[in-house]
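> The lines below spell out each chain.
There are 4 protein chains.
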Amino acid sequence: MALCGLRAWSPEALERRVAAVEATGLGEGWTEGSRGRGPGYRFRDPDGHRFELYYEVERYDPPEHLRPSLKNQPQRYTGRGAAVKRLDHVNVLAADVRASREFAQQALDYRLYERIELDDGSEAGAWLSVSIAAHELIYTRDAYGARGRLHHLAFWVDTREECLRAADLFLDNDIHIEAAPSKHAIAQGFFLYGIEPGGNRIEVTTGGYFVFDPDQPTVVWSSAERAKGQAWGVQTVESFHTYGTPPVPGAPLAH
Amino acid sequence: MALCGLRAWSPEALERRVAAVEATGLGEGWTEGSRGRGPGYRFRDPDGHRFELYYEVERYDPPEHLRPSLKNQPQRYTGRGAAVKRLDHVNVLAADVRASREFAQQALDYRLYERIELDDGSEAGAWLSVSIAAHELIYTRDAYGARGRLHHLAFWVDTREECLRAADLFLDNDIHIEAAPSKHAIAQGFFLYGIEPGGNRIEVTTGGYFVFDPDQPTVVWSSAERAKGQAWGVQTVESFHTYGTPPVPGAPLAH
Amino acid sequence: MALCGLRAWSPEALERRVAAVEATGLGEGWTEGSRGRGPGYRFRDPDGHRFELYYEVERYDPPEHLRPSLKNQPQRYTGRGAAVKRLDHVNVLAADVRASREFAQQALDYRLYERIELDDGSEAGAWLSVSIAAHELIYTRDAYGARGRLHHLAFWVDTREECLRAADLFLDNDIHIEAAPSKHAIAQGFFLYGIEPGGNRIEVTTGGYFVFDPDQPTVVWSSAERAKGQAWGVQTVESFHTYGTPPVPGAPLAH
Amino acid sequence: MALCGLRAWSPEALERRVAAVEATGLGEGWTEGSRGRGPGYRFRDPDGHRFELYYEVERYDPPEHLRPSLKNQPQRYTGRGAAVKRLDHVNVLAADVRASREFAQQALDYRLYERIELDDGSEAGAWLSVSIAAHELIYTRDAYGARGRLHHLAFWVDTREECLRAADLFLDNDIHIEAAPSKHAIAQGFFLYGIEPGGNRIEVTTGGYFVFDPDQPTVVWSSAERAKGQAWGVQTVESFHTYGTPPVPGAPLAH
Numbered sequence: 001m002a003l004c005g006l007r008a009w010s011p012e013a014l015e016r017r018v019a020a021v022e023a024t025g026l027g028e029g030w031t032e033g034s035r036g037r038g039p040g041y042r043f044r045d046p047d048g049h050r051f052e053l054y055y056e057v058e059r060y061d062p063p064e065h066l067r068p069s070l071k072n073q074p075q076r077y078t079g080r081g082a083a084v085k086r087l088d089h090v091n092v093l094a095a096d097v098r099a100s101r102e103f104a105q106q107a108l109d110y111r112l113y114e115r116i117e118l119d120d121g122s123e124a125g126a127w128l129s130v131s132i133a134a135h136e137l138i139y140t141r142d143a144y145g146a147r148g149r150l151h152h153l154a155f156w157v158d159t160r161e162e163c164l165r166a167a168d169l170f171l172d173n174d175i176h177i178e179a180a181p182s183k184h185a186i187a188q189g190f191f192l193y194g195i196e197p198g199g200n201r202i203e204v205t206t207g208g209y210f211v212f213d214p215d216q217p218t219v220v221w222s223s224a225e226r227a228k229g230q231a232w233g234v235q236t237v238e239s240f241h242t243y244g245t246p247p248v249p250g251a252p253l254a255h
Numbered sequence: 001m002a003l004c005g006l007r008a009w010s011p012e013a014l015e016r017r018v019a020a021v022e023a024t025g026l027g028e029g030w031t032e033g034s035r036g037r038g039p040g041y042r043f044r045d046p047d048g049h050r051f052e053l054y055y056e057v058e059r060y061d062p063p064e065h066l067r068p069s070l071k072n073q074p075q076r077y078t079g080r081g082a083a084v085k086r087l088d089h090v091n092v093l094a095a096d097v098r099a100s101r102e103f104a105q106q107a108l109d110y111r112l113y114e115r116i117e118l119d120d121g122s123e124a125g126a127w128l129s130v131s132i133a134a135h136e137l138i139y140t141r142d143a144y145g146a147r148g149r150l151h152h153l154a155f156w157v158d159t160r161e162e163c164l165r166a167a168d169l170f171l172d173n174d175i176h177i178e179a180a181p182s183k184h185a186i187a188q189g190f191f192l193y194g195i196e197p198g199g200n201r202i203e204v205t206t207g208g209y210f211v212f213d214p215d216q217p218t219v220v221w222s223s224a225e226r227a228k229g230q231a232w233g234v235q236t237v238e239s240f241h242t243y244g245t246p247p248v249p250g251a252p253l254a255h
Numbered sequence: 001m002a003l004c005g006l007r008a009w010s011p012e013a014l015e016r017r018v019a020a021v022e023a024t025g026l027g028e029g030w031t032e033g034s035r036g037r038g039p040g041y042r043f044r045d046p047d048g049h050r051f052e053l054y055y056e057v058e059r060y061d062p063p064e065h066l067r068p069s070l071k072n073q074p075q076r077y078t079g080r081g082a083a084v085k086r087l088d089h090v091n092v093l094a095a096d097v098r099a100s101r102e103f104a105q106q107a108l109d110y111r112l113y114e115r116i117e118l119d120d121g122s123e124a125g126a127w128l129s130v131s132i133a134a135h136e137l138i139y140t141r142d143a144y145g146a147r148g149r150l151h152h153l154a155f156w157v158d159t160r161e162e163c164l165r166a167a168d169l170f171l172d173n174d175i176h177i178e179a180a181p182s183k184h185a186i187a188q189g190f191f192l193y194g195i196e197p198g199g200n201r202i203e204v205t206t207g208g209y210f211v212f213d214p215d216q217p218t219v220v221w222s223s224a225e226r227a228k229g230q231a232w233g234v235q236t237v238e239s240f241h242t243y244g245t246p247p248v249p250g251a252p253l254a255h
Numbered sequence: 001m002a003l004c005g006l007r008a009w010s011p012e013a014l015e016r017r018v019a020a021v022e023a024t025g026l027g028e029g030w031t032e033g034s035r036g037r038g039p040g041y042r043f044r045d046p047d048g049h050r051f052e053l054y055y056e057v058e059r060y061d062p063p064e065h066l067r068p069s070l071k072n073q074p075q076r077y078t079g080r081g082a083a084v085k086r087l088d089h090v091n092v093l094a095a096d097v098r099a100s101r102e103f104a105q106q107a108l109d110y111r112l113y114e115r116i117e118l119d120d121g122s123e124a125g126a127w128l129s130v131s132i133a134a135h136e137l138i139y140t141r142d143a144y145g146a147r148g149r150l151h152h153l154a155f156w157v158d159t160r161e162e163c164l165r166a167a168d169l170f171l172d173n174d175i176h177i178e179a180a181p182s183k184h185a186i187a188q189g190f191f192l193y194g195i196e197p198g199g200n201r202i203e204v205t206t207g208g209y210f211v212f213d214p215d216q217p218t219v220v221w222s223s224a225e226r227a228k229g230q231a232w233g234v235q236t237v238e239s240f241h242t243y244g245t246p247p248v249p250g251a252p253l254a255h
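Chains as they are written, first to last, in the working numbering: chain A, 1 to 255; chain B, 1 to 255; chain C, 1 to 255; chain D, 1 to 255.
Treat the hints with caution; some may be incorrect.
The list treats identical chains as one, so a pair stands whether inside a single copy or across any two.
Claimed, not checked - Once the Cα atoms are required to be at most 27 Å apart in a straight line, the calculated DSS-like pairs of lysine-lysine come out as:
{"hint": "1", "residue 1": "K228", "residue 2": "K71"}
{"hint": "2", "residue 1": "K228", "residue 2": "K85"}
{"hint": "3", "residue 1": "K85", "residue 2": "K71"}
These are calculated hints, taken from the structure and not from any lab test.
Whole structure, please, built from the sequences with the hints as guidance.
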């Protein structure tokens, strides 16, 4: 997987996070900034995914033809394609979900909102966030025990109607639909999963809940509960549990 | 199945339809009106489903507490439950789809918008309408070769959001969801299928297209095309192809 | 206004309509077909708007890059701009609404679903349809007593969300929004009105009701009822009552 | 206005906030907890609105018949009425917006996302949040210079369709609609405003943006920009600028 950037909340927060990561022995050191970012501190999570912490950024200034009518909007609304609004969350695979999840909580200060604990006591998934959004970073189990792989990138749209519309666009633009629009049980987000031309799984998502509660207990799902499928009973397609990028040599593709 | 009422467009249209039905030998004769209907002519389709043609009706006059704010609306909007607006279509099963479909076209003047023709030349489904709506009467094949059974009744809501909302209501009111909201390939309607407490399959539906074209060719779907699943690739659940009411003794239920 | 085409339901229906129009003395005679249409019969309504009746058409065959994935769809879904699906209705202005409305009913066989009758007994608007759709042809009063003018052309989208999305597109593409999305009282359609670059008013619309009832009484709105504004109380902007195209010399524009 | 509760993020955060409020001289002291809340610290903002800071709460445990199917949901979805999900924000009026806004930032640690600065340099409104949500506390100018009044309480629904549906419910339940559904320019939330039977203005809201940016500049709107109306050009109804609760004796009502 490419590098996942994490912006700290303040210069002080950046220092605190870097110190916490360094203490784990997983730090790799500072880099100069690039592409609109200031200096960054690189590290790997226990599973080997690459991250970079930074604070300084260069603010986007739209060119004349993309200036919005409403000044509280970064850019004109063009409505092209699925017209996603922003990156919503990243779901990575891990050979050992619990180890990476604990690292995210302890070194990166993520909160843990939901997780799956199978009957054998192992952890199959963890939904983490540093904000009131239901998830910003997700770890799910790598079916092959491989390391450093991506499950999917999720892009936000404001409405479920836009997810449905995106499905029509995927269909008529030959983007393989791995999972048609429906509602997740975990985190209750509305989803559409497809495979982009490069082979990565992407999600168009909206909805879910917001956690305004500072001491909300983590919701733990059991094997039996997960067997019920998604919120409205849709059974998850097999490839969703196995396919990731880069693909494991010899493993089946999602499409 | 209970009786399916069909209102004729005018007294003259009623006479024409009755004459056409009588000519097929499937007529059963006139009944006095009841429950707000004038005199009706009863008959069975070739598969044995019971129908009644009539023209006269008593118009609904809402009680005081249900009078709407807008006078072009039959009743106040209460928003209760799935808040369906009207019956949209009826889908019955038939041992011989083609025979009943041809009867509907010839004796009842339905137009045929879409149908399924399997590789063996048999007809597995037919979507019929007497208006610009994409379907009002649907025949699909009875997997058990039984006669006179119901596949589902479909109730209309104006928006896809209401179908999604209905799914949440079904889930939290223990109404078995047989098929979660998604989009049909045939007729392109948006659907949610559940099993009501009496055991009948019901649909909450919206969308689809309207046929303003007087000579639109019938769309014919092949076995291979149907194998692709619904519009966004969702594979239809097995019970959808087999379950009907009344259930065939010994056959699996939908839930 | 340009020519408004009306396709007859059958060759026989075309003959019947032509005979009925000829009998009114407003007929202008046959033309050869053009642009995918067969022979057409031209006439003017009592207000002077030009119409053409025809039956034969050439069916659209999409080029390779626009072939849809679902064969019951005329073309691939591209999602560009407001992505309207079809023309929904035409609203013309008339110096004498009643005269043109009666002509539409008698010569063209339209049904009258709703109308406005002011306290002085004059008719300020009439909503007509030849199908179960709530309106296909609308006459509203020309505030200047001018003749042959257009009020607006309405384009259909399947969802209210698409009307809201179109408003964002209008805003960021400098299309003047004359009336922001809301719900009509009459016919209950959801609307967005804008002025296209050529100066004509256009509507992006969805919703409303369907009239399955063959003898539905015409809904008549009074001056007092109209004073309540649109369905949710929005007061109609003044230009909506006065602006039409071509503009009356010296009259205010809609923007 | 009744008391506005503010839950601190932790016991330590509660102590910090109480100390900051005490330092301003606006504190009123501790109270015992009640109605599921632990001990609270009461104070008034510079305009006189009453607040209470607290941390401890008793968690809601739904009765048997309201247990949800999905365990990450506080209660079964009943779908009754507008079916609002949670309180979203509180908008209070202030004689001196700037004074109260600065207090909220300094003593309560709110972030300021948007504000209105009129041509005379005075502040007419301020949109504040302690989370990534676009607003949780709003101050707008009291047209009468009165103190301690409420502008509105806003309740969240997940979709714009639910705002539109709520408008139909308001209409048919005689809840005065002060402002029909549309989109705000400031914060870009979708709104519906009504007056509940007790006379308070309430909003059903959704949408808007989320501020993931830790150093997002405050958006400042001028008199000229505000004169353009809401996002799609809807002019705000006059009562929206003047009506608040309790009403100023002799002032016009919103309905």
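> Going through the earlier hints one by one, which of them does the structure break, listed in rising order?
The structure conflicts with no hint, since it agrees with every one listed earlier.
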